[in-house]
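K.L.:
One letter stands for each residue in the lines below.
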Amino acid sequence: MKDKKSVSGELGFSDLDSHHQALVEKILRKKRGGDYSRRDALKLMMATGVTAATASNLFVTGGQAMAQTPKKGGSVRFASSLHGPDDQLDPPKFTSTIDYTRGRATYNSLVQHANDLTPQPELAESFEPNADATEWTFKLRKDVTWHDGSPFTADDVVYSMSRHQGEDSTSVIKSVMASVDEWKKVGPHEVKAILNTPNADLAVLLGMFQNKVVKDGTTGDGIGTGPYTMESFEPGVKSVHKRNENYWRDGSNLDAIEITGITDPVARVNAVIAGDMDLVSLIEPKAFRQVEAAGNVTLLSAPAALQVGICILLNTAPGNNPDFVKGMQFIQDRERIVNKLLKGKGTIGNDTPISVAHGTDFCSELPQREFDPDKAKFHFKKAGISTAELFVAPVAPGIEDVSLLAQANAAKIGFDLKIKKVPTDGYWGAVWMKEPMNAVTWNMRPTANSQMAIQFAPGAEWNDTYWNNDRMGELLSLSLAETDSDKRHAMYCEMQTLIHEGSGMVIPAFSNINDAVANNIMGIPKVPLGQIGGCEWPEFIWLA
Amino acid sequence: MTENTAKTEHKANEEEVIAKLDAFAELPDAPPKRRLKLSWVGKIAVGIVVFWMAVVVIGPYIAPFHEMDMDGDDSFLDAHSNEYGTFYLGTDYLGRDTLSRIAFGARNTIGISVIATLLAYCIGITLGIAAAVKGGWTDMIISRINDSILSLPAIMLGLIAIAALGSSVPILISIAAIIYATSVFRIARALGQDIMVQDFVEAAQARGEGLWWIIKSEVLPNAAMPLATDFGLRLVFVVLFISSLSFLGLGIQPPASDWGSMVRENLQGLVYGSYAAIWPAIAIATFTIAINLIVDDISAKSGGNLAKKMV
Amino acid sequence: MMAQMVLRRLGIGFIMLIVVSIIVFIGTSILPGDVAQIILGQSATPETLAALRAQLGTDQPLYIQYLSWLGNMMTGDLGISKAGGATIASLIGGRLGNTMMMAGIVSAIAIPLSVALGLWAAMHPGTWLDRIITFCTLSLISVPEFFIATILVLVLAVELHWLPSTAYLSGDETFWQLMKSLAMPLITLVIVVSAQMIRMTRAGILNVMSSPYIEMAILKGVPRRRIILRHAFFNAIGPIVNVIALNLAYLVSGVVIVETIFAYPGLAKLMIDGVQTRDLPLVQACAMIFSGTYVALILVADVASILSNPRLRQPK
Chain A
0 MKDKKSVSGE
10 LGFSDLDSHH
20 QALVEKILRK
30 KRGGDYSRRD
40 ALKLMMATGV
50 TAATASNLFV
60 TGGQAMAQTP
70 KKGGSVRFAS
80 SLHGPDDQLD
90 PPKFTSTIDY
100 TRGRATYNSL
110 VQHANDLTPQ
120 PELAESFEPN
130 ADATEWTFKL
140 RKDVTWHDGS
150 PFTADDVVYS
160 MSRHQGEDST
170 SVIKSVMASV
180 DEWKKVGPHE
190 VKAILNTPNA
200 DLAVLLGMFQ
210 NKVVKDGTTG
220 DGIGTGPYTM
230 ESFEPGVKSV
240 HKRNENYWRD
250 GSNLDAIEIT
260 GITDPVARVN
270 AVIAGDMDLV
280 SLIEPKAFRQ
290 VEAAGNVTLL
300 SAPAALQVGI
310 CILLNTAPGN
320 NPDFVKGMQF
330 IQDRERIVNK
340 LLKGKGTIGN
350 DTPISVAHGT
360 DFCSELPQRE
370 FDPDKAKFHF
380 KKAGISTAEL
390 FVAPVAPGIE
400 DVSLLAQANA
410 AKIGFDLKIK
420 KVPTDGYWGA
430 VWMKEPMNAV
440 TWNMRPTANS
450 QMAIQFAPGA
460 EWNDTYWNND
470 RMGELLSLSL
480 AETDSDKRHA
490 MYCEMQTLIH
500 EGSGMVIPAF
510 SNINDAVANN
520 IMGIPKVPLG
530 QIGGCEWPEF
540 IWLA
Chain B
0 MTENTAKTEH
10 KANEEEVIAK
20 LDAFAELPDA
30 PPKRRLKLSW
40 VGKIAVGIVV
50 FWMAVVVIGP
60 YIAPFHEMDM
70 DGDDSFLDAH
80 SNEYGTFYLG
90 TDYLGRDTLS
100 RIAFGARNTI
110 GISVIATLLA
120 YCIGITLGIA
130 AAVKGGWTDM
140 IISRINDSIL
150 SLPAIMLGLI
160 AIAALGSSVP
170 ILISIAAIIY
180 ATSVFRIARA
190 LGQDIMVQDF
200 VEAAQARGEG
210 LWWIIKSEVL
220 PNAAMPLATD
230 FGLRLVFVVL
240 FISSLSFLGL
250 GIQPPASDWG
260 SMVRENLQGL
270 VYGSYAAIWP
280 AIAIATFTIA
290 INLIVDDISA
300 KSGGNLAKKM
310 V
Chain C
0 MMAQMVLRRL
10 GIGFIMLIVV
20 SIIVFIGTSI
30 LPGDVAQIIL
40 GQSATPETLA
50 ALRAQLGTDQ
60 PLYIQYLSWL
70 GNMMTGDLGI
80 SKAGGATIAS
90 LIGGRLGNTM
100 MMAGIVSAIA
110 IPLSVALGLW
120 AAMHPGTWLD
130 RIITFCTLSL
140 ISVPEFFIAT
150 ILVLVLAVEL
160 HWLPSTAYLS
170 GDETFWQLMK
180 SLAMPLITLV
190 IVVSAQMIRM
200 TRAGILNVMS
210 SPYIEMAILK
220 GVPRRRIILR
230 HAFFNAIGPI
240 VNVIALNLAY
250 LVSGVVIVET
260 IFAYPGLAKL
270 MIDGVQTRDL
280 PLVQACAMIF
290 SGTYVALILV
300 ADVASILSNP
310 RLRQPK
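Residue numbers (numbering that gives the first Met the number 0), protein chains in the order written: chain A, 0 to 543; chain B, 0 to 310; chain C, 0 to 315.
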């Protein structure tokens with residue numbers, strides 16, 4: 000990638016690219032004889048009182064932004080992979096990259112993610128939990144105004160955050176935010192979150208796309224505090240955003256951005272190579288070679304925990320036979336999936352939802368499950384099952400191809416894996432958690448704990464393999480309260496082993512997040528939670 | 000004389016009359032007789048169609064690989080061999096053998112399109128000519144129901160039907176047949192109406208001929224040629240309809256595929272100089288063009304003899 | 000006489016719209032998943048689903064939803080998109096213009112071109128010229144639209160940089176910039192719709208050429224240009240106009256693939272999006288436009304065929 004290496008004096012950890020981050024981690028680990036975790040980083044940040052001014056520097060890519068001062072001016076066009084009349088400006092209803100990106104351009108959150116997923120102050124100047132993490136206090140910035148000129152206050156925050164709660168809440172992240180009982184205004188620029196269970200990760204959750212702050216009483220009409228003001232918005236067509244001259248931070252480098260969608264993957268790639276678009280999200284593995292060969296664009300490929308998964312329901316046939324699940328796990332040719340189907344832009348999965356992208360919580364000690372047709376044959380035979388049906392919709396990158404490969408390999412050992420391709424619309428309601436075996440993916444969650452809890456906590460709403468393990472539930476809450484990093488790591492390892500051995504998940508691989516941008520675009524953040532640096536780019540990029 | 004014998008006698012008379020009328024077939028105003036003598040272009044076209052029909056029948060048995068096998072060294076490769084066999088036309092985006100997939104896909108593309116089009120024609124012509132001949136309320140009701148379906152885009156009807164009923168070959172055939180029967184209906188009805196007011200039909204009516212006789216002897220032969228031309232096109236549209244469903248992620252269940260979807264899934268390969276998208280496109284083109292050329296040849300031979308002499 | 004027929008047909012057209020709206024309403028609501036389920040997707044819980052349904056009014060029985068839609072529709076209120084929250088009028092407004100502009104330009108090019116080429120081919124049946132026209136039209140329609148479109152993009156946009164790869168409209172372009180933006184989808188659509196019209200024109204005229212009165216005219220020694228242009232053509236108008244009408248209706252409602260590949264904001268894609276998000280008011284509004292357009296086009300086609308065939312003018 001276009002990496003102009005240079006390191007100047009005043010840099011934070013997240014300024015470094017992943018390679019350097021790994022190096023620093025190594026050094027820190029040696030120095031302190033322990034683990035350097037996200038949690039430590041959070042403490043470090045809070046102790047040193049990171050200010051918003053330096054924070055704005057914290058989100059840009061590697062050394063490149065530091066090499067030159069960002070240039071001002073210019074405009075870009077961004078084409079997302081999905082858009083339609085259901086495009087949203089109301090954060091609690093955000094569900095797709097185009098919504099997230101418009102949200103990032105228009106609004107701010109209390110807290111934002113740095114490249115290593117540590118929470119950084121945004122609209123909150125500072126944030127602190129009490130000793131047992133049952134109450135969080137947020138001191139808000141006083142110099143922030145809405146696009147219509149009115150001042151930003153605690154009322155706006157209480158209003159916005161409370162929309163994820165209560166009986167009539169229709170927020171997409173209602174259950175993610177369920178640990179908060181109440182948002183309370185303490186002063187004109189101070190709010191408190193009262194929790195019903197301890198949650199040391201609350202600040203991280205507040206960086207989620209749906210947690211953007213809107214003006215008190217509004218439901219997302221495009222009036223925000225963000226780096227751009229909304230000039231026009233036509234759902235399913237495009238939106239135009241102009242630089243917010245009264246922004247409370249340095250503000251955007253660009254004068255304007257236009258956000259649109261091109262749903263056809265081939266057309267999207269051609270558009271960026273032909274120069275009609277400057278950034279496009281979601282590049283298919285088929286197109287990697289084309290993007291890499293084009294002289295004017297760069298392929299961004301960020302390792303992430305974007306699982307390419309198959310979900311086997313354990314409470315019904317054939318998943319209620321553990322040997323069937325084992326058979327499905329051994330028939331996955333993981334090397335070929337990563338090398339040939341994902342063209343190397345992915346990581347091998349070990350049938351757990353945690354990947355190296357989750358950092359130190361990833362259990363590298365867990366032995367890798369390999370492709371083994373003989374073992375698969377043995378388990379299928381032991382289960383007495385010779386055919387099964389897998390429901391697939393294109394919900395995850397490469398999931399159809401993964402299913403087809405499994406089918407071809409299964410056929411060679413005499414197992415008839417039928418593939419039932421169904422439309423994506425209606426999939427989550429009609430197929431997922433209902434059909435005995437179905438394709439699944441989960442957005443990467445900022446913490447390993449929330450990633451596992453959402454899917455594997457006993458009795459959880461979205462326990463999609465119906466695997467209820469009491470020890471798993473115990474460990475999920477114990478690990479949240481554990482502060483010793485070794486013990487904590489041991490707990491996370493035990494949880495991943497439990498999932499690897501017992502759950503109905505087949506996760507042969509994780510896909511990278513793959514996008515393409517024009518070569519003259521600089522300063523792209525590297526937050527691995529979404530397309531093009533976690534959709535954080537609008538405020539930070541500039542044109543060389 | 001019993002009633003029965005009277006009927007038989009009457010029928011015999013009828014047949015006699017028909018035989019007499021048939022003798023008039025050589026008169027200029029009678030429907031032209033079919034004589035299947037093809038030009039060399041038509042002969043080549045027949046050869047191509049026979050070839051593809053053979054592929055439909057034996058393709059899967061002679062294909063070097065199974066359509067699901069991902070045995071190629073990599074995706075979008077040109078012809079090569081490895082320990083599994085030879086990939087004569089190279090590999091597709093998943094490293095599958097393009098030649099084998101075309102051989103397997105012939106069943107879906109040709110099977111579905113031919114059956115669905117024939118079915119569409121049976122439904123469309125029957126109803127269309129019935130509406131034209133009967134007229135009045137029958138015409139009105141059938142036409143409006145037909146128009147209601149026809150006024151909605153085919154791809155949307157396909158989307159709704161497949162989302163509701165699931166995707167399988169019989170369902171795809173039924174959907175395509177119903178959707179395309181509506182256009183056949185309109186053409187058949189328009190032609191039927193035009194013909195119904197021609198002198199020879201009016202004469203037949205005046206002679207007191209039955210409805211079916213008029214349809215069989217006067218309307219159908221005269222409507223045959225434009226309908227045949229349309230048949231060839233309709234067949235192409237069914238092929239394209241099935242492939243456009245793949246554009247929405249619907250259509251044939253994998254690993255099976257139709258040629259149109261194969262074009263679609265391998266489009267990216269064009270950039271790399273791979274022919275994985277071009278071979279199935281050629282397959283579609285050769286099959287559909289051949290069918291249409293045969294249709295043209297037949298209609299050129301069967302009508303407008305004098306007009307041809309003139310040019 | 001004619002006016003009476005047109006009025007009657009318009010009345011029938013109105014009834015047809017109601018029938019279509021019922022079909023579409025039922026069709027869309029029997030699909031798996033409702034709009035609330037699709038908005039919330041994987042994150043749906045029973046509580047959020049119930050809350051959202053109550054908020055959108057989709058917890059009402061179907062017939063009440065339908066009647067309230069119908070009532071609003073009659074007063075000119077198209078309603079609000081259930082999935083996105085924008086008004087249907089605002090969603091449709093710009094796209095209707097885009098679709099009509101595209102359909103208008105395409106037909107202005109394609110109809111004269113097709114009729115001329117079809118006539119030309121029909122004047123020389125069985126000759127090399129006829130065969131070349133036939134072969135070209137067949138080749139162009141027998142490959143999928145997305146194949147033609149992608150090849151055009153690869154050659155004209157990615158390689159040569161002559162034309163933009165998408166029909167992205169910024170809203171303030173000059174006429175020539177607009178034409179340049181639209182060029183690629185225009186070329187694709189002209190190719191797609193012309194082929195069928197050329198073939199049907201040719202077939203229609205050849206069919207008339209074999210009728211007795213033409214043969215009579217030939218025997219009488221009327222020059223062939225005169226025969227085709229004065230006699231054959233007018234008698235072939237009925238079927239030809241029908242094919243043209245169906246193709247125009249297709250241009251308004253069926254060009255999903257071209258709209259998708261060139262990211263052109265038109266109505267066809269909007270309706271597919273509406274079905275996929277189970278956004279009933281949006282789907283209904285599109286269906287009404289499509290069916291209305293269709294009724295109008297078919298009416299024009301029928302009037303044209305009646306005018307062109309004096310025999311049809313007499314009521315039976």
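Because the hints were derived from the structure by calculation, they are not lab data.
By construction, the Cβ of each residue, glycine as well, lies at the ideal position given by its N, Cα and C atoms.
A hint or two may mislead.
Said to hold, decoys possible - Taking beta-carbon pairs under 7 Å as the criterion, some of the chain A residues facing chain C (in silico):
(1) GLY83
(2) ASP275
(3) GLY428
(4) ASN467
(5) ASP469
K.L.:
Decide, hint by hint, whether the structure agrees.
P.N.:
These are the hints, each one checked on the structure:
1. GLY83: Given a least distance of 4 Å, the restraint on GLY83 (chain A) holds.
2. ASP275: Where the cut-off is 7 Å and the nearest Cβ of chain C is about 5 Å from ASP275 (chain A), the hint holds.
3. GLY428: holds, 4 Å
4. ASN467: violated, 18 Å
5. ASP469: For ASP469 (chain A), the interface hint is violated, since the closest Cβ of chain C sits about 23 Å away, which is over 7 Å.
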